[in-house]
Amino acid sequence: MAYTLQQLSDFEDIRTLKHRYFRGIDTADMVLLRGLFTADVAVDYRGGNYRVALTGRDNMLEFLANSFHSGAMAMHHGHMPEITLTGPDSAEGIWYLEDIFVSLEAKTHTAGSAIYRDAYRREDGQWKIARTEYDRVMELITPLSADAKVSAHHLAKTGRKPQERTDISHLIQWTA
Amino acid sequence: MAYTLQQLSDFEDIRTLKHRYFRGIDTADMVLLRGLFTADVAVDYRGGNYRVALTGRDNMLEFLANSFHSGAMAMHHGHMPEITLTGPDSAEGIWYLEDIFVSLEAKTHTAGSAIYRDAYRREDGQWKIARTEYDRVMELITPLSADAKVSAHHLAKTGRKPQERTDISHLIQWTA
Amino acid sequence: MAYTLQQLSDFEDIRTLKHRYFRGIDTADMVLLRGLFTADVAVDYRGGNYRVALTGRDNMLEFLANSFHSGAMAMHHGHMPEITLTGPDSAEGIWYLEDIFVSLEAKTHTAGSAIYRDAYRREDGQWKIARTEYDRVMELITPLSADAKVSAHHLAKTGRKPQERTDISHLIQWTA
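Residue numbers (numbering that gives the first Met the number 0), protein chains in the order written: chain A, 0 to 175; chain B, 0 to 175; chain C, 0 to 175.
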């Protein structure tokens, strides 16, 4: 059984959609990110010591802008997609995340992995993220070594400065 | 020269096959893993301080279930496939692995990379892994920091508990 | 809108081209690498404490052979391509890099990420890298732990030994 040209094209475009998401969050590219979600996007990220549960694009953008801010260094790499087309304009995807999050303010280094289960919807010809969830596979938190030297830090330039940040405690719960 | 729809579809399905393999081992999803190998699968993983050499799906599953157990945290991410179709139902693939293996029992953290050379065979319409080998590119073993906090650990739930593990010394040789 | 067979094939081949690049540099496979660039390739890698700026395939190969040498362990994984076809024989691509570089000579461990912006050109039916640039997202340099054990090191065998290395100070500038 072969896929159709349309199906193969959808695989390509859905992958690119998610690739942009990861590039967008680590560089705080809010213009890029705004175009990637449906207005009713539903999010449930079940981390090791946090849970992000929210709905709506505006909430998602506010969560992202406040999480990947000027005091953080973040690497979110989504790997190994397993995409399933569920209708002409709907699809599901499994991705396997590796992420590193360095808080220069709390002096911590978090290394983790997680498995995403997403739903995508095509609106006006564009694939968008309609639902996204993940569960952690592993998460390891270590103090940031006093010997560590930060020699590049993109979010220092593009991320929100302390006075620009807003309260997102209704969007993320810290559990430990 | 363009690929055919069938060839492009085969690339997609072979990638997804391998993606499932990596997701399966890190979450000890033995039901998923059982469907991914030919009955005569041949394995040769040449690690830094170990070598896994075995044939047969049952041996492979026994090796995997005992290696990614409740005392381990594992991240295996296979990247950058180079797939070559060698016949209507056969293919080869090169993949570049990044892996992290934390032994909570031995208190070690192993970070490594390796290059896979695989063979795939289509059986009853499903691509399966028929042969898989790798050689290490780098491997670095460090003691697990006493300050490290484990905040998520999937294999603690799904991996084999100590009393469930079996002897696999005939499948893996430790060389250092 | 669906892509054509030719376009989908080009996505496949351009991805494989870049995948070979990363495999080639980490294993010092100079024969593989020589086939991947146009003669007039232009390179601008803006790292945290270095900048690589050069033109020409011979300069690129000389830079690579001297950078990934017998005293280094390197992992360069390029992820999440966003490929755009700009003509029948030209394309552009964005990639998101994760890299680890261990200098066994300087006893340092550098972990970083970067975003590539590439241009590709088809010559005699083969896609090649015509331009490649990156900017760092994060870079963290730590002393290599005295407790770290190197249990696999491919470049020790294939990388240039000290007496084989040449001066590349005209190709890379260290800024810190």
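Incorrect hints may have been included.
25 Å max Cα-Cα, derived BS3-like pairs, lysine-lysine [stated by the list, open to error]:
1. A:148 - A:106
2. B:106 - A:106
3. B:127 - B:160
4. C:160 - C:106
5. B:148 - A:148
6. B:127 - C:106
7. A:106 - C:127
8. C:160 - C:148
9. B:106 - B:148
10. A:106 - B:160
11. A:127 - A:160
12. C:160 - A:148
13. B:148 - C:160
14. C:160 - C:127
15. A:160 - A:148
16. C:160 - B:106
17. C:148 - A:148
18. B:106 - B:160
Label pairs and their computed distance ranges (CB to CB) [as the list claims (entries may be wrong)]:
19. B:161 - C:31: 41 to 49 Å
20. B:167 - A:104: 44 to 52 Å
21. B:91 - A:171: 16 to 24 Å
Not the full set, but computed from the structure, chain B residues with beta-carbon under 10 Å of chain A [as the list claims (entries may be wrong)]:
22. 29
23. 37
24. 69
25. 114
26. 115
27. 142
28. 146
29. 148
30. 159
Calculated from the structure, these hints are not laboratory results. Since this is a predicted model, take the numbers as computed values, not measurements. All residues carry an ideal CB built from backbone N, CA and C; glycine is no exception.
| Are the Cα atoms of residue 160 of chain C and residue 148 of chain C separated by 25 Å or less? | OK: residue 160 of chain C and residue 148 of chain C at ~21 Å, within 25 Å.
Given the hint that residue 160 of chain C pairs with residue 127 of chain C, does the C-alpha gap stay at or below 25 Å? With a Cα-Cα distance of about 29 Å, the restraint between residue 160 of chain C and residue 127 of chain C is violated, given a limit of 25 Å.
Given residue 148 of chain B as an interface hint, is the shortest Cβ-Cβ distance to chain A below 10 Å? 5 Å, holds
Per the CB criterion, is residue 146 of chain B less than 10 Å away from chain A?
Where the cut-off is 10 Å and the nearest Cβ of chain A is about 5 Å from residue 146 of chain B, the hint holds.
- Given residue 142 of chain B was flagged as interface, is its beta-carbon under 10 Å from a beta-carbon of chain A? 12 Å, violated
Cβ distance range 44 to 52 Å for residue 167 of chain B and residue 104 of chain A, holds or violated: Taking Cβ atoms as reference, residue 167 of chain B and residue 104 of chain A lie about 45 Å apart, which means the hint holds.
### Task
Assess, step by step, whether the Cα of residue 106 of chain B is no farther than 25 Å from the Cα of residue 148 of chain B, and give holds or violated.
12 Å, holds
- Message: The hint names residue 114 of chain B as touching chain A; please verify it with the least Cβ-Cβ distance against 10 Å.
- Response: Because about 17 Å separates residue 114 of chain B from the closest Cβ in chain A, which is outside the 10 Å limit, the hint is violated.
Need the status of pair residue 148 of chain C, residue 148 of chain A: alpha-carbon distance at most 25 Å? With Cα atoms ~22 Å apart, residue 148 of chain C and residue 148 of chain A stay inside 25 Å; holds.
Given the hint that residue 106 of chain B pairs with residue 160 of chain B, does the C-alpha gap stay at or below 25 Å? Satisfied, since the Cα-Cα distance of roughly 17 Å is no more than 25 Å.
**Prompt:** Are the Cα positions of residue 127 of chain A and residue 160 of chain A separated by 25 Å at most?
**Reply:** Violated, at roughly 29 Å.
### Task
Would you settle whether the hint for residue 115 of chain B is holds or violated, based on the nearest Cβ-Cβ distance to chain A being less than 10 Å?
With Cβ-Cβ at 13 Å, over 10 Å, it is violated.
Hint violations for this structure: numbers 3, 6, 7, 10, 11, 12, 13, 14, 16, 21, 22, 23, 24, 25, 26, 27, 30, all remaining hints satisfied.
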